[in-house]
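Chemist: Here is what each chain is made of, one letter per residue.
Number of protein chains: 2
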Amino acid sequence: MSKQGVTPQSENFSDWYNEIVYRADLAAKSPVRGCVIIKPYGYEVWEGIKGGLDRRFKETGHQNAYFPLFIPESYLRREAEHVEGFSPELAVVTVAGGKELEEPLVVRPTSETVIGEAFSEWIQSYRDLPLLINQWANVVRWELRTRPFLRTTEFLWQEGHTAHATHEESHEETMRMLDIYADFAVKDAAIPVIKGLKSNIERFAGALHTYTIEAMMRDKRALQSGTSHDLGQNFAKAFEIKYLDEANDLQFCWTTSWGLSTRMVGAVVMAHGDDQGLRLPPKLAPIQVVAIPIYRKDEERGPVMETLMPIVDELRAVGIRVHVDDRDQSPGFKFNDWEMRGVPVRLEIGPKDVEKGNAALARRDVLGREGKQFVSQEGIVKTIQDLLDEVQASLLADATAFRDANIHDVATYDELKQVIEAGGWARGWWAGSDDDERKVKDETGATLRCFPFDHADAGSGKCFYTEGSADQIALFAKAY
Amino acid sequence: MSKQGVTPQSENFSDWYNEIVYRADLAAKSPVRGCVIIKPYGYEVWEGIKGGLDRRFKETGHQNAYFPLFIPESYLRREAEHVEGFSPELAVVTVAGGKELEEPLVVRPTSETVIGEAFSEWIQSYRDLPLLINQWANVVRWELRTRPFLRTTEFLWQEGHTAHATHEESHEETMRMLDIYADFAVKDAAIPVIKGLKSNIERFAGALHTYTIEAMMRDKRALQSGTSHDLGQNFAKAFEIKYLDEANDLQFCWTTSWGLSTRMVGAVVMAHGDDQGLRLPPKLAPIQVVAIPIYRKDEERGPVMETLMPIVDELRAVGIRVHVDDRDQSPGFKFNDWEMRGVPVRLEIGPKDVEKGNAALARRDVLGREGKQFVSQEGIVKTIQDLLDEVQASLLADATAFRDANIHDVATYDELKQVIEAGGWARGWWAGSDDDERKVKDETGATLRCFPFDHADAGSGKCFYTEGSADQIALFAKAY
Chain A
1 MSKQGVTPQS ENFSDWYNEI VYRADLAAKS PVRGCVIIKP YGYEVWEGIK
51 GGLDRRFKET GHQNAYFPLF IPESYLRREA EHVEGFSPEL AVVTVAGGKE
101 LEEPLVVRPT SETVIGEAFS EWIQSYRDLP LLINQWANVV RWELRTRPFL
151 RTTEFLWQEG HTAHATHEES HEETMRMLDI YADFAVKDAA IPVIKGLKSN
201 IERFAGALHT YTIEAMMRDK RALQSGTSHD LGQNFAKAFE IKYLDEANDL
251 QFCWTTSWGL STRMVGAVVM AHGDDQGLRL PPKLAPIQVV AIPIYRKDEE
301 RGPVMETLMP IVDELRAVGI RVHVDDRDQS PGFKFNDWEM RGVPVRLEIG
351 PKDVEKGNAA LARRDVLGRE GKQFVSQEGI VKTIQDLLDE VQASLLADAT
401 AFRDANIHDV ATYDELKQVI EAGGWARGWW AGSDDDERKV KDETGATLRC
451 FPFDHADAGS GKCFYTEGSA DQIALFAKAY
Chain B
1 MSKQGVTPQS ENFSDWYNEI VYRADLAAKS PVRGCVIIKP YGYEVWEGIK
51 GGLDRRFKET GHQNAYFPLF IPESYLRREA EHVEGFSPEL AVVTVAGGKE
101 LEEPLVVRPT SETVIGEAFS EWIQSYRDLP LLINQWANVV RWELRTRPFL
151 RTTEFLWQEG HTAHATHEES HEETMRMLDI YADFAVKDAA IPVIKGLKSN
201 IERFAGALHT YTIEAMMRDK RALQSGTSHD LGQNFAKAFE IKYLDEANDL
251 QFCWTTSWGL STRMVGAVVM AHGDDQGLRL PPKLAPIQVV AIPIYRKDEE
301 RGPVMETLMP IVDELRAVGI RVHVDDRDQS PGFKFNDWEM RGVPVRLEIG
351 PKDVEKGNAA LARRDVLGRE GKQFVSQEGI VKTIQDLLDE VQASLLADAT
401 AFRDANIHDV ATYDELKQVI EAGGWARGWW AGSDDDERKV KDETGATLRC
451 FPFDHADAGS GKCFYTEGSA DQIALFAKAY
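For the record, the sequence lines run as chains A and B. Be aware that the first sequence starts at 1, since it is given in this note's numbering, and climbs by one per residue. Be aware that the second sequence starts at 1, since it is given in this note's numbering, and climbs by one per residue.
The set of hints was computed from the structure by calculation and includes no laboratory data. Take the hints with a grain of salt, since some may be wrong.
The list cannot tell twin chains apart, which means a pair is met if one copy fits it or any two copies do.
Each computed DSSO-like pair below joins lysine-lysine, with the alpha-carbon atoms no more than 30 Å apart [what the hints assert, rightly or not]:
1. Lys-417 to Lys-220
2. Lys-50 to Lys-29
3. Lys-58 to Lys-334
4. Lys-58 to Lys-187
5. Lys-187 to Lys-50
6. Lys-50 to Lys-283
7. Lys-242 to Lys-29
8. Lys-382 to Lys-372
Okay, chain A solo, but in the shape it has when bound (with noise of 0.2 Å):
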């Protein structure tokens, strides 16, 4: 047990997890099976997730709208091989008004169907394209084994639907949401992601590629973070989206779609924290900074606050999210507490550091003495502004040099058979079938992550797996 008496990673990761979930407020239980509560630390986390991608979303010109949660369910069974991916998976609503319904409505797992209607409705000619639309909402998908943040069956994300005229531009707009995707995984989560092709069978029901975003978590496995999909022209025959192009012809639009959700929360309490608890990077912490007086005597209250508030003032003029713990409890239950809540930055401020104009400053990222400076307040906004830069850099380097120290080039099955077993992510060459890949999961528990870009100029080499020639490099993992 660790001081938080919270279970050890090493002992058991998942249950790490979970008590780490409630223990630090980031979500509840709830009475709805399957589903959670997320709680305002969790929810503000969430917020400054929105907030990033929403920016860089808007950047490239992506506007928001809002479709209906309901979906007819002759709607789904339009594209085949979507309705056949989320048929388990769907609530069904029957009755409405006291009445049971004619046509039975699907609470939206996804909405590409109800939005590939409405884009049959407001594209006529090519001066409608591109559209680029993007939902922020709730989707339901009824999962069997769920878990807070990673599966739940009710999930809050964002969607991304566009129509293109050709698709040389759609595959351009799958890939440019991919890299907003990564950036904002590395420049905001300070996870680093690797972008890739996904496998036919990990592929999106009705998709012509799926492309995704891995993170490692620190128990080693795989999370798929967040996933842009070349849709072909796939919905657009289902739904006839068409237009009119320059010479009066009718043609069939290209469509995308990409998806990020409340997953990417378990993302960063699983890229990141530690047996003490959450760390979490300063761009996404709902508290940046955590302002604690220190003091023994009530007659040292005045002058320790009196010195405190004028910086947290200060600080919070400069756009930090400070937060200042008055309470009536020991400094080191306090520094446990927060240390638990993965807050970024720790200021403290004694009769001592009164009188000598000096205060001492706590980093989440690096425990104990090392992680400790005694600072002046002179200048003390830029000290904190550049610490908190320092921490965010420092949590994307760690979890940079975890991710590739456990990641291992394979020839052989056997020595992949190996890396797996030893709770790392393989990489080598694949020409499998579906039924090989399918018969890898089935052996050894790991699924292909995708086919990396950053290997996919390697020109061919043997299959680990077939001892065939293989032109592409594959990652296999064991993933939530």
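Chain A is fixed; fit chain B onto it per the hints.
Modeler: Positioned in the frame of chain A, the structure of chain B alone reads:
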């Protein structure tokens, strides 16, 4: 027909509204009964409303959270009035994951019950109070007659839910949030609202008291634009929301809830719009300034754009939302189009303006020659900022004058009938029973909108209906 081919308000306000909502691209029809698609232009108005409210909520110590979409049917039954009020409007999921559910799940019509259950677990002692939570969410009420934004089966809203130690505190909170709604309506939406208490009949199902902000639309109908409920201990008792007080005695909490929805988008349309279309208050307008380059010959385009674009950049740099309309259409077409969409200010630059260092500005709230001015490019950013402030203030002044001219004091039931028939609001002393109130509604179509605060201290007088002594003044109007 107006220039836009829209039915004039005076001819048929309802047709005008429906046409303008779709023509101005605020919403689109959806394939799902009673639901609309909120298109980007309408959604941006909603984003403005969200932003204005969310800031005010956070400044007063509220935090956002997210609760499940589905509510077990048994929860709704726990508060007797509540379930009775909502039962006819519920949408119910009976099948999920391919199976019949043991207990049907209701799609939330509002979240008092599921949040009540959560609060009962989260609150233990007086130290946990007050608990101040807000949720941005979609809700579903199976309405028979629907209209875009005003009444739809699914709508977007925020619902605040708070718990307090005493009734004094919960009452204060109820009033604080009503004040925030009114402040937002007046300052951001430029809609003068009347704050008041709802009658028993119009009270929220399960509340002790419901307070409202009532706005007058351009057809003189009332629109309830936001409500704040003092729930007393009704939900605390139904869900056992209890706390240990400082004397270690177990007490029931006092709770509140308050909500404002996408209905406010409809309010903005109907409070300001005219026969030419929308008139959007600058604070909520997705586009505050539309910049239109004027030229006849192709060779004029270059110099015009070279003059226009630096001004556009300057405007954007100070945070003004500008759209440049460089479509291959006539200026007249563009003027009409943006007038219909309610853009507050139009900026025109033509070849002569380039020569003379001038520009033309037209304000949407005053059409024609009177609303147009020719200004120097020198200091134009400040000129436009001031003009936007002026438009914002003038829309509020217009709506206030219109409202005040259409509220009439009545001393007898005959007078009320005349006022209502002529399409105004009637204000008078009221001591009627619930049944009397229903009779007035049946006979005149008018409902008791509220007991307005600004007449709460008026003393007493003779009820216009019962002719008995009354100690409160009531407002009656036909309403949406």
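Chemist: If a hint holds in the structure, say so; if it does not, say that too.
Modeler: Now for the hints, and whether the structure bears them out:
1. Lys-417 to Lys-220: within (15 Å within a copy, 75 Å between copies)
2. Lys-50 to Lys-29: Cα proximity of Lys-50 and Lys-29: in one copy and across copies (23 Å, 27 Å).
3. Lys-58 to Lys-334: Result: close only across copies, 24 Å inter versus 40 Å intra.
4. Lys-58 to Lys-187: both (18 Å within a copy, 26 Å between copies)
5. Lys-187 to Lys-50: Intra 14 Å, inter 27 Å, cutoff 30 Å: intra and inter.
6. Lys-50 to Lys-283: Answer is both; intra-copy 12 Å and inter-copy 22 Å each pass.
7. Lys-242 to Lys-29: Answer is between: at 19 Å across copies they meet the 30 Å cutoff, but 46 Å inside does not.
8. Lys-382 to Lys-372: Within. Shortest intra-copy distance 17 Å satisfies the 30 Å Cα cut-off; inter-copy 49 Å does not.
Hint check: no violations occur; every hint is consistent with the structure.
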